Amino acid sequence: MPYLGSEDTVRELRRALANPNVQSDQLRYRNTVLKVIRLMSQGVDVSGVFSEMVKACATVDIVQKKLVYVFLCSYATLNPELSLLVINTLRKDCQDPNPMVRSLALRNMTNLRLPSLVEYVEQPLAAGLRDRAACVRRVAVLGWAKLHNLQPSSEIDAAVVNELYSLLRDPDPVVMVNCLRALEEILKEEGGVAINKPITHHLLNRLKECDIWGQCEVLSVLRRYRPQSEDELFDILSLLDASLVSPHPPVMAATLSLFLSLCSGLPAVSLAALERVCAPLLAACGSASREMRFTALCHIQLLLRSVPGLLSAHYKRFFCSYAEPAYIKQRKMQVLVELVNDENVAMLLDELKGYCTDVNSDTAQAAIAAIGRIGRSYSDRCLEILTGLLGLKQENITSAVVQTLRDLVWVCPQCSNTVCVALEGCEEMLQDSQGKQALLWLLGVYGERVSSAPYTLEVFIDGVRSEASLDVKMELLTATTRLFLCRPAETQDMLGRLLHYCIEEETDMCVRDQALLYYRLLHCGIEETRKVLQGRRSDPSLGVLIGRPADPVSQWACSFNTLEPLRLGTIEAESTTRESPEHVPFDSGPKTDLQETLNCSRVEEVRSDLHSTDSSADVLASNVTAHLSLSLSPALSPEEFERLWMQRQALHADQGVEQMKDEDYACLEEHVQCPAVPHCSPQSLHAAMQLVNIQTLAFTPPNTLPWRVYLYTNTQYACSASKPQSTLILGELLYPGGVKGTGDGETLAEGRENKEEEEQAEGSERAADRKREEEERVKVTLKQQPRDDEALKGFLSILTTVLHTLAS
Amino acid sequence: MISQLFILSSKGDHLIYKDFRGAAGSDVVSVFYEKVTALTGDQPPVVMTHKDLHFMHVRQGGLYWVATTTGDASPFSVIDFLNRLSALVKDYCGSLSEKSVQMNFALIYELLDEVVDYGHIQTTSSDVLKNFIQTEAISSRPFSLFDLSNVGLFGADTQQSKVAPSSAATRPIQSTREQGGKSEIFVDVIERMSVVIGSNGVLMKVDVEGEIKVKCYMPSCSEMRLGLNEEFSIGKSQLRGYGAAVHVDECSFHQVVRLDEFDSHRILRLCPSQGEQTVMQYQLSDALPSAPPFRLFPTIERDSGGRLLMYLKLRCDLPPKSSAVNVCATIPVPKGSVSLSQELSSPDQSVELNVQSRAIVWRVPRFPGGTQLSALLKVEVPGLCSASMLEVGPVSLTFELPKFTATGLQIRFLRLSPVQPGLSQRWVRYITHSDSYTIRI
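Protein chains in written order, with the UniProt record's numbering: chain H, 1 to 808; chain R, 1 to 441.
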């Protein structure tokens, strides 16, 4: 037994090693050494036999030599003095006629990691570089890197560096690659090995000779090279084309990474490379090794960020196999969500539905969340599946469904009717705090439409003493207070009880403080409370924020083929599934409403800030008559856009028309006649807008009604003489639909304004024509800050031109 | 760049530990094991981080093969390397298990020494390595009665059997040198099917991933010529001849394969190196040349007593000559199922209810092509409601189809040139596995 009495064992081994009878019998000697190594790899400290092992090193038996070296390299740092004894043997071996012995000695000489031995090692290493056997040169080249890292402060001999550079032309490919590796380490402070044109072309020409590991190394070093001309760039790219579709995933990944860094200025070429690489990546996804599958999946997620529809045709390849571990299934589902389109949505949902009842609750939960994500674009089908799952009456499934419904309803408030009906009876099944929180939030926000809401809350309030989770208690407080605002008669009594309990009996500070906050808020009056608690609501138009624009390739190119996508993947996915801003505070729990109120005040500050800066700038802007130019920077994130848009809307509603003129922003509504635009594909619209530097941020799929596009841009005056003042313009294109007068759009909230107009005009015959004409128009709403009428007009004319061009 | 490399048993025993750069402490092994065992089911274990050290690992043969890196490394390279390393160890030790690694630790250290130097991968080609590796493998073959079946009367070797025993290919590649006699070559065509069949019996998804593996035990093999079906075609456009063309969508070859005769005669030429290597990989999606091997006709209903009645008919659509082995159907049942009663069509089948995984497992050891089996199952589920029926299905099948390829790929011939002196044996084996065979109900 190795762990018991290891002291005795070591002593016995020492005696055996020193025994001349053992030493004379080669086989017995080797077996004793073997026993030492075995103990060592089991974690036993065998440093006690060090001096005996040093003696055992001087032998003709190569196997024994190798074993002893394994031992010496592990323990040399503990016994620097005794290790000096080995040096003689090693130096002698370096002269051995057998190249294998020479390389063995040289490698282990440098592996001892003893700074005191450096002076003895340098000379054999220098000789090793000129050895006739390639295997010795390989070892010697890397030996210099080891030596350098042993004494990082010491100056490396310039002659050695030169020799290493010249060995890049060594006939043996491994020596060449090792030279690259060694120079990278030795010259780390100077930024690694110099990659100039001759070296690059030499390496590229010899790429074919290397094995896959060497190819990967060369390709990754070449990422630092910048071709001098476009011709050269394309020469390099065509040389690399074959390895882009290599059946070996490491080579494929390294080549793509090099492609992306070389073509950072040529997005079209990068996109073509991404398309080429699909086939080998898909093959890696079906690899027998599950770790390889996982790696490939993570990298596919990166690709999809830039080219969302890239693999839509291959969606079936991402169906989960039942034997796969949960973490791969979840990744596959994340990918599937990205691949959904009109053709495959039915098949995809059918497949995901099958995973929802998986034995593994994590997988089931992920599948339900995935359906919820797809629900943002295909809400009817998904709601049907989700409500069907509630019928199963199982704790974990119900909880996951309720959470998903909450997420869905925030983005697509038009689903709220179905959700409210589905909520009845869920409360009995919910056991976990996450599910309870979701249900409470829904009851608070949509309480007026769920008839049983007060009774459900009452059950929770009666059980609040036994409730363990703080988050649930806080959510309960908020939900009850919210419900009180819309159904005071039924809720007043229980709200009083709840507040009383939380303030008088609750021990946790957070809950108590929140209860006090609401209590005082209610003292201030109903209107005040309403302002705080119902201040932010989701807008139906949020539902269109599904078509997110593609990230540029450069955003992730540097993390391709690194550990980044594998490590951060889960966190990232989490944040994308919960991207609506209000959820962040809800999920983080304790600070729910505090956060919300803080948000409001911050918005206020920002607004006043803008106001003050603008009033001074406004004077300047008035006399600027210069050429207008648009730019995309600073970029605006979807969240930011949404915040600004909503904020503007709120102001709009709050203040009268007369006040608007003084405001630091302008709002403009205009109708543009271009019936064909809503039918063109989002991609072409996006591309057209990009041409004139307008960024489309979100759009509905083509042919859906009402059709909307959100966009933004920054205006600037190109004339440098005046002070360049830039303004931010947010815009919405709305096409309510119903071209043939079927009145499809009228039932929707957005259509309401139009409907009123229509009703007025209905009297006359000619009005019908006008109506049709009107409906063929696209309504443009623009919001600008700071205000600059001229820039806004200029922008509108550009936009109109683009729309007309598209329509024609 | 790899800092350390170690192999752990599934119980966390240290089997092999090698520190290439001396950059990190030796307690990393236990740190890794703590981390990997503390993960919950859905957390991806492939990459884990402790301080500045990243652990990457693969599971092969029930062991953890772990590499640590300090800087940023290419995950594709490291994972591919670990897989390759485990394949090398398998080649050299014969099989991959805790026991074989433990017994051959000296050999593995020697291998590691040659394969990786200072954290840089040097070579993984067994042709190069065979010049450096000196240690003999110790193979651990437990005594088995199957070994005796090859021995004829009075101990004479019969040499009549045309079929290699399944264990024939699990031996170390190097032992040939001393044993002298047996120089063998195995060519395996292995396919993995993943299939989804809809509830209406329509084939919704078919994927076949296939590979041709060559396992060579010849000390020196000059050239091998491997003939595939003449009508083999790649890609959608390129169809040859009429009728039963063997068709795959994508195909890639190992870099040592010479394809000069491939276009005209579908012949692969290569000089196999010792050990196992994948010569060709191919994929086929969305179309099978023949019917999918299994069909299920289920009838599922609730009876008046609150029991779930399932009448399952499973048909095997393979050609009558071939048969499937180790067929196992897993049928998910509603939560809370308590007990099961069964009527099976033949005695060698078995059915059991696994309450933990909420599934009924129906096993058929051998299932000849063209036949049909049926099972009548009654499951006792307290509180069965109509919604619970959603939880029944989809049925998943695992099976092996020996001597069968789903794509129809065959090896026409296998020639070694020049003809090997002495006794050389050539084996061609076909097998199709189920990667994932799902039938919706």
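Source of the hints: derived by calculation from the structure; they are not laboratory data. Just so we're clear, the structure is a prediction, and the values are computed from it rather than from any experiment. Just so you know, even glycine gets a beta-carbon here, dropped at the ideal spot from N, CA and C. Be careful, since some hints might not be right.
With a Cα cut of at most 16 Å, we get these calculated EDC-like pairs of lysine to aspartate or glutamate [stated by the list, open to error]:
{"no.": "1", "chain 1": "H", "residue 1": "K316", "chain 2": "R", "residue 2": "D286"}
{"no.": "2", "chain 1": "R", "residue 1": "K130", "chain 2": "H", "residue 2": "E395"}
{"no.": "3", "chain 1": "R", "residue 1": "K205", "chain 2": "H", "residue 2": "E395"}
{"no.": "4", "chain 1": "H", "residue 1": "K353", "chain 2": "R", "residue 2": "E391"}
{"no.": "5", "chain 1": "R", "residue 1": "K335", "chain 2": "H", "residue 2": "D350"}
{"no.": "6", "chain 1": "H", "residue 1": "K188", "chain 2": "R", "residue 2": "D72"}
{"no.": "7", "chain 1": "H", "residue 1": "K393", "chain 2": "R", "residue 2": "E391"}
Computed footprint of chain R on chain H; a stretch qualifies when at least three of its residues, placed anywhere within it, have a C-beta under 8 Å from a C-beta of chain R [to be verified]:
{"no.": "8", "stretch": "12–22"}
{"no.": "9", "stretch": "317–323"}
{"no.": "10", "stretch": "436–450"}
Next on the checklist: Given the hinted pair K130/R and E395/H, is their Cα-Cα distance within 16 Å?
Outcome noted: Judged against 16 Å, a Cα distance of about 59 Å means the pair is violated.
Item to check | Distance restraint between K188/H and D72/R, which requires alpha-carbon spacing of 16 Å or less | outcome: Holds, at roughly 15 Å.
Next on the checklist: For K335/R and D350/H, compute the direct alpha-carbon distance and say whether it is at most 16 Å.
Outcome noted: It is violated: about 21 Å lies between the C-alpha atoms, which goes past 16 Å.
Checklist entry - With a cut-off of 8 Å between beta carbons, are at least three residues of the stretch 12–22 of chain H near chain R? => result violated (count 0)
Item to check | Proximity test - 8 Å, beta-carbon atoms, the stretch 436–450 of chain H to chain R, at least three hits | outcome: That given contact is violated, which follows from only 0 residues of the stretch 436–450 of chain H lying within Cβ reach (below 8 Å) of chain R.
Item to check | Satisfaction of hint between D286/R and K316/H, Cα-Cα up to 16 Å | outcome: holds (9 Å)
Checklist entry - Counting residues of the stretch 317–323 of chain H whose CB is closer than 8 Å to a CB in chain R, do you get three or more? => result holds (count 6)
Next on the checklist: Given the hinted pair K393/H and E391/R, is their Cα-Cα distance within 16 Å?
Outcome noted: The given pair, whose Cα atoms are some 11 Å apart, holds under the 16 Å limit.
Checklist entry - Keeping to a limit of 16 Å between CA atoms, is the pair of K353/H and E391/R held or broken? => result Holds, at roughly 10 Å.
Checklist entry - Does E395/H lie within 16 Å of K205/R when you go C-alpha to C-alpha? => result violated (32 Å)
Checked against the numbered hints given earlier, this structure breaks hints 2, 3, 5, 8 and 10; the rest are met.
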